[in-house]
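Engineer: Required output: the full structure, derived from the provided sequences and hints.
Protein chains in written order, with UniProt numbering: chain A, 1 to 109; chain B, 1 to 109; chain C, 1 to 109.
Check before you lean on any hint, since a few could be wrong.
Chain copies aren't distinguished; within one or between two, either way the pair holds.
To be verified - Under the rule of at most 25 Å between Cα atoms (straight-line distance), these lysine-lysine pairs were calculated in the BS3-like manner:
1) 107 x 26
2) 107 x 11
3) 22 x 107
4) 52 x 2
5) 26 x 11
6) 22 x 2
Calculated directly from the structure, the hints in this document are not laboratory data.
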Amino acid sequence: MKLIMAVVQDKDSNRLSSALIKAGFKATKLASTGGFLRSGNTTFLIGVEDNKVDDLLNIIRENCESREQLVAPVSPMGGNADSFIPHPVEVEVGGATVFVLSVDEFKRF
Amino acid sequence: MKLIMAVVQDKDSNRLSSALIKAGFKATKLASTGGFLRSGNTTFLIGVEDNKVDDLLNIIRENCESREQLVAPVSPMGGNADSFIPHPVEVEVGGATVFVLSVDEFKRF
Amino acid sequence: MKLIMAVVQDKDSNRLSSALIKAGFKATKLASTGGFLRSGNTTFLIGVEDNKVDDLLNIIRENCESREQLVAPVSPMGGNADSFIPHPVEVEVGGATVFVLSVDEFKRF
Ligand code: NI
Ligand code: NI
Ligand code: NI
Chain A
1 MKLIMAVVQD
11 KDSNRLSSAL
21 IKAGFKATKL
31 ASTGGFLRSG
41 NTTFLIGVED
51 NKVDDLLNII
61 RENCESREQL
71 VAPVSPMGGN
81 ADSFIPHPVE
91 VEVGGATVFV
101 LSVDEFKRF
Chain B
1 MKLIMAVVQD
11 KDSNRLSSAL
21 IKAGFKATKL
31 ASTGGFLRSG
41 NTTFLIGVED
51 NKVDDLLNII
61 RENCESREQL
71 VAPVSPMGGN
81 ADSFIPHPVE
91 VEVGGATVFV
101 LSVDEFKRF
Chain C
1 MKLIMAVVQD
11 KDSNRLSSAL
21 IKAGFKATKL
31 ASTGGFLRSG
41 NTTFLIGVED
51 NKVDDLLNII
61 RENCESREQL
71 VAPVSPMGGN
81 ADSFIPHPVE
91 VEVGGATVFV
101 LSVDEFKRF
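Structural biologist: Written out as structure tokens, the structure reads:
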């Protein structure tokens with residue numbers, strides 16, 4: 001038995017939850033902030049049999065992998081809006097930091 | 001030294017806290033949601049000497065074990081309240097998912 | 001690779017965050033309450049290479065160590081304010097409870 005602790009961006013949290021449920025994994029979500037990823041993230045706790053760890057890691061990667069995304073820039077406050085030419089900006093979104101821990105004992109009451 | 005991570009329903013959280021304090025265990029509570037249990041749960045972090053693990057697991061089981069409970073049904077919205085016969089419904093409440101982890105090093109500053 | 005879980009008082013949380021960033025450590029913060037320390041605390045998750053564990057523990061100790069602090073006493077409600085002589089009270093603040101866990105596998109996606 002392993003305990004997976006995965007820190008993912010809030011943006012990807014719902015999608016990961018759905019994918020985990022679909023694959024039969026049970027997860028608990030902890031509200032968390034900052035650090036490993038840009039602020040606004042969720043820490044998943046997931047108990048998993050040893051032989052399912054790779055499946056679980058694949059699901060996390062598929063749903064949370066860091067990627068570039070074009071976002072509309074914010075129009076400059078108080079600037080001359082007429083002369084402002086919106087130019088999409090590439091930002092990095094997503095990403096996951098995952099710890100796999102050995103479980104000495106697992107109980108369900 | 002072990003670190004116990006226990007996910008329990010909010011319903012049982014205060015009772016477990018009191019029982020832990022009474023038995024001399026120190027716990028930290030993390031707000032958590034979904035997954036292992038119906039939404040609204042609390043994750044307890046508890047540091048414990050190896051020879052006290054069984055005592056601690058017993059306290060968690062005694063205070064959080066999954067059980068059936070009769071609840072009053074919600075009266076049907078917009079229905080004919082006069083003809084509604086309240087019939088208690090059995091629901092499962094409580095339950096705990098517990099991970100026991102080995103601690104390499106424990107420090108108190 | 002180790003995972004450090006450190007429970008510290010909210011009071012020291014921002015200072016510890018800054019010190020960790022300055023030293024190049026990446027941390028995730030979980031909101032937590034009660035137990036190990038007086039209520040209002042934060043749980044830090046920090047992934048760290050084995051040879052950096054001592055550096056990290058030193059940073060936690062330096063920023064969170066339990067210490068005495070003089071605080072102004074609250075004036076007694078409904079008492080005779082004229083005869084109340086404010087006398088600073090020494091309280092213990094800070095403190096950290098730290099678990100070092102072995103990581104089986106660490107992934108960044
Ligand atoms: Ni361009
Ligand atoms: Ni019946
Ligand atoms: Ni004095």
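Engineer: If a hint holds in the structure, say so; if it doesn't, say that too.
Structural biologist: These are the hints, each one checked on the structure:
1. 107 x 26: Result: close both inside a copy and across copies, 14 Å intra and 20 Å inter.
2. 107 x 11: between (32 Å within a copy, 19 Å between copies)
3. 22 x 107: both (23 Å within a copy, 22 Å between copies)
4. 52 x 2: Both, since 9 Å and 22 Å are each at most 25 Å.
5. 26 x 11: Cα proximity of residue 26 and residue 11: in one copy and across copies (20 Å, 20 Å).
6. 22 x 2: This pair counts as within: shortest intra-copy Cα distance 20 Å, inter-copy 31 Å.
In summary, this structure violates none of the numbered hints.
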